[in-house]
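J.: The primary structure of each chain is shown beneath.
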Amino acid sequence: MTIEFKESEKELYVGLTGRLDTAAAAEVSGEFERIAKSADRTIVLDCTNLEYISSSGLRLFLTLRKEASAKGGKVIVRKINDSIRNVFTMTGFYSLFEMED
Amino acid sequence: MAEELKYDLDLHCQMIMDDYRERKPLYEKMKEIIVPRLLTLVKSNGLMVDAVEARVKKEKSLAGKLALKGHKYASLDDITDILGVRVILFYADDVDKVAAYVGKVFDVDWDNSVDKRKMHELDSFGYLSLHYVCRIPKEMYEDAAHPEINEIRFEIQMRSALQHVWASMEHDTGYKSDIECPREYLRMLSRLAGMLEMADDEFVRIKNGIATYRRKVESLMQKGEFESIPLDGDGFKSYLSLRPFDALTNRIASINQAEVREMPMMPMLPLLKEMGMQTIGDLERFLRENEEDAYNLALNQLADTDIDILASTVSLQNLIIVAHLKNGGGKRALKHVYDVLNGESPHNERLAEMQYDVARKLAFMNK
Numbered sequence: 001m002t003i004e005f006k007e008s009e010k011e012l013y014v015g016l017t018g019r020l021d022t023a024a025a026a027e028v029s030g031e032f033e034r035i036a037k038s039a040d041r042t043i044v045l046d047c048t049n050l051e052y053i054s055s056s057g058l059r060l061f062l063t064l065r066k067e068a069s070a071k072g073g074k075v076i077v078r079k080i081n082d083s084i085r086n087v088f089t090m091t092g093f094y095s096l097f098e099m100e101d
Numbered sequence: 102m103a104e105e106l107k108y109d110l111d112l113h114c115q116m117i118m119d120d121y122r123e124r125k126p127l128y129e130k131m132k133e134i135i136v137p138r139l140l141t142l143v144k145s146n147g148l149m150v151d152a153v154e155a156r157v158k159k160e161k162s163l164a165g166k167l168a169l170k171g172h173k174y175a176s177l178d179d180i181t182d183i184l185g186v187r188v189i190l191f192y193a194d195d196v197d198k199v200a201a202y203v204g205k206v207f208d209v210d211w212d213n214s215v216d217k218r219k220m221h222e223l224d225s226f227g228y229l230s231l232h233y234v235c236r237i238p239k240e241m242y243e244d245a246a247h248p249e250i251n252e253i254r255f256e257i258q259m260r261s262a263l264q265h266v267w268a269s270m271e272h273d274t275g276y277k278s279d280i281e282c283p284r285e286y287l288r289m290l291s292r293l294a295g296m297l298e299m300a301d302d303e304f305v306r307i308k309n310g311i312a313t314y315r316r317k318v319e320s321l322m323q324k325g326e327f328e329s330i331p332l333d334g335d336g337f338k339s340y341l342s343l344r345p346f347d348a349l350t351n352r353i354a355s356i357n358q359a360e361v362r363e364m365p366m367m368p369m370l371p372l373l374k375e376m377g378m379q380t381i382g383d384l385e386r387f388l389r390e391n392e393e394d395a396y397n398l399a400l401n402q403l404a405d406t407d408i409d410i411l412a413s414t415v416s417l418q419n420l421i422i423v424a425h426l427k428n429g430g431g432k433r434a435l436k437h438v439y440d441v442l443n444g445e446s447p448h449n450e451r452l453a454e455m456q457y458d459v460a461r462k463l464a465f466m467n468k
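Protein sequences, first through last, are from chains A and B.
For what it's worth, my numbering labels the leading residue of the first sequence as 1, then goes sequentially.
For what it's worth, my numbering labels the leading residue of the second sequence as 102, then goes sequentially.
Worth flagging that the hints you see were computed from the coordinates, not collected in a lab.
From the three backbone atoms N, C-alpha and C, an ideal C-beta is built for every residue, glycine too.
Among the clues, some could well be false.
Capping the alpha-carbon separation at 20 Å, the derived lysine to any residue pairs in SDA-like fashion look like this [what the hints assert, rightly or not]:
hint : chain 1 : residue 1 : chain 2 : residue 2
1    : B       : 144       : B       : 201
2    : A       : 66        : B       : 181
3    : A       : 74        : B       : 365
4    : A       : 66        : B       : 360
5    : A       : 66        : B       : 338
6    : A       : 66        : B       : 364
7    : B       : 338       : B       : 355
8    : A       : 66        : B       : 413
9    : B       : 159       : B       : 181
The following residues of chain A were derived to be distant from chain B, with all beta-carbon distances above 10 Å [said to hold, decoys possible]:
hint : residue
10   : 2
11   : 4
12   : 31
13   : 69
14   : 73
15   : 74
Estimated spans, in silico, between C-beta atoms of each pair [to be verified]:
hint : chain 1 : residue 1 : chain 2 : residue 2 : range
16   : B       : 303       : A       : 22        : 56 to 62 Å
17   : B       : 348       : A       : 37        : 39 to 45 Å
18   : B       : 210       : A       : 70        : 44 to 50 Å
19   : A       : 4         : B       : 459       : 29 to 35 Å
20   : A       : 37        : B       : 468       : 52 to 58 Å
21   : B       : 303       : A       : 69        : 35 to 41 Å
22   : B       : 198       : A       : 22        : 52 to 58 Å
23   : B       : 355       : A       : 30        : 28 to 34 Å
24   : A       : 100       : B       : 467       : 24 to 30 Å
25   : B       : 400       : A       : 81        : 22 to 28 Å
26   : B       : 467       : A       : 33        : 47 to 53 Å
Turn these sequences into a full structure, and let the hints steer you where they fit.
T.: As structure tokens, this is what we get:
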């Protein structure tokens with residue numbers, strides 16, 4: 001699991017590559033805490049190369065969304081694949097995020 | 102001296118202007134005490150307030166007033182609107198409530214307070230507000246260095262939003278009496294004033310009507326008379342307070358010992374209405390008839406996954422999916438459900454296919 005950051009004045013771009021499974025979620029939780037500090041802006045989570053998301057990964061997304069909502073920012077989830085879309089829908093969390101193709 | 106000459110005031114008025122300049126910081130201080138107090142007052146009493154605003158009269162404006170009628174005032178103390186505070190409320194009937202609260206917490210100079218709302222002749226025009234002339238009581242604020250803070254009078258205007266619209270427009274046109282106003286325009290203004298007053302009354306009537314309706318829904322809900330409660334926003338909200346979907350949500354969560362996060366169910370109401378449900382009784386039947394199948398659907402979705410976090414809406418979402426599939430709606434109906442819940446997107450077609458594949462192995466699909 002790798003994370004790529006690009007920061008501009010308006011938004012924080014976060015490119016996620018690989019499988020965000022339980023072990024990976026534990027590894028990157030520190031990085032997500034760092035991302036949460038930018039929650040007053042737009043955070044783009046680019047999932048073009050994200051293959052899988054576990055519950056732990058979902059929790060990271062949900063925590064980020066909660067932070068953004070409290071700080072007046074927003075989280076855009078970009079280009080999720082069908083199986084991740086299915087996880088978001090099945091669990092009932094899909095409508096919480098701004099999904100982008 | 103140069104400024105006083107500029108205003109062309111007599112000696113008496115110049116002395117009032119001097120007092121005003123000296124006292125201006127005190128007026129500003131009073132403003133800081135009064136506005137937060139009023140805001141707390143209206144909000145803690147549950148009134149819908151549009152704005153609480155205050156201003157200290159500008160020097161130029163006071164000079165203009167003195168030039169016109171300075172002889173009426175013996176001293177600055179006689180001018181009660183140097184500090185003017187305004188409370189603008191959504192509803193006209195809340196004006197009297199605010200007035201009652203103001204009367205309790207401030208010292209009101211009743212001899213100089215007027216209810217202009219009751220001053221109109223039958224054929225006059227205008228739509229005015231309630232003005233109280235007040236002082237800050239010592240119980241609210243006291244400063245030994247400035248005891249005059251409890252003596253200086255100020256005005257509180259209390260208005261509905263529409264009374265405020267009228268007052269602002271009237272101020273802008275500059276017409277205050279039929280002497281200045283051509284008859285044609287006077288008539289138009291009268292019609293407008295009447296319309297605003299009627300609109301204010303209607304808003305109050307609607308507010309009261311809705312409150313009565315909500316009380317009735319609550320009462321029917323408590324008695325369990327679900328068949329008599331329409332499935333609308335109020336009925337659904339009231340029903341949700343009974344937490345009717347918790348049992349199914351918890352049962353689904355137990356499949357993977359999942360944590361349940363609260364999510365609003367309200368966005369699902371349009372889907373329930375579309376399915377032809379008209380009363381909370383219909384919704385109760387829908388729940389009873391579909392809960393076992395909704396649970397079985399969740400079992401098939403979740404059992405071979407490690408998903409241990411779910412939204413509280415998952416139960417109602419599955420109930421709706423199951424009901425559509427039982428009614429033969431197929432993938433098309435599922436896509437529609439996702440279009441409503443997720444927003445329209447071509448991806449919803451793929452989601453519908455995936456869900457359909459999971460569901461078609463279930464018993465209810467093969468009956």
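J.: If a hint holds in the structure, say so; if it doesn't, say that too.
T.: Now for the hints, and whether the structure bears them out:
no.	hint	in the structure
1	B:144 with B:201	14 Å, holds
2	A:66 with B:181	50 Å, violated
3	A:74 with B:365	19 Å, holds
4	A:66 with B:360	16 Å, holds
5	A:66 with B:338	24 Å, violated
6	A:66 with B:364	12 Å, holds
7	B:338 with B:355	26 Å, violated
8	A:66 with B:413	16 Å, holds
9	B:159 with B:181	14 Å, holds
10	2	22 Å, holds
11	4	24 Å, holds
12	31	20 Å, holds
13	69	13 Å, holds
14	73	20 Å, holds
15	74	15 Å, holds
16	B:303 with A:22: 56 to 62 Å	59 Å, holds
17	B:348 with A:37: 39 to 45 Å	40 Å, holds
18	B:210 with A:70: 44 to 50 Å	46 Å, holds
19	A:4 with B:459: 29 to 35 Å	34 Å, holds
20	A:37 with B:468: 52 to 58 Å	54 Å, holds
21	B:303 with A:69: 35 to 41 Å	37 Å, holds
22	B:198 with A:22: 52 to 58 Å	57 Å, holds
23	B:355 with A:30: 28 to 34 Å	32 Å, holds
24	A:100 with B:467: 24 to 30 Å	39 Å, violated
25	B:400 with A:81: 22 to 28 Å	24 Å, holds
26	B:467 with A:33: 47 to 53 Å	49 Å, holds
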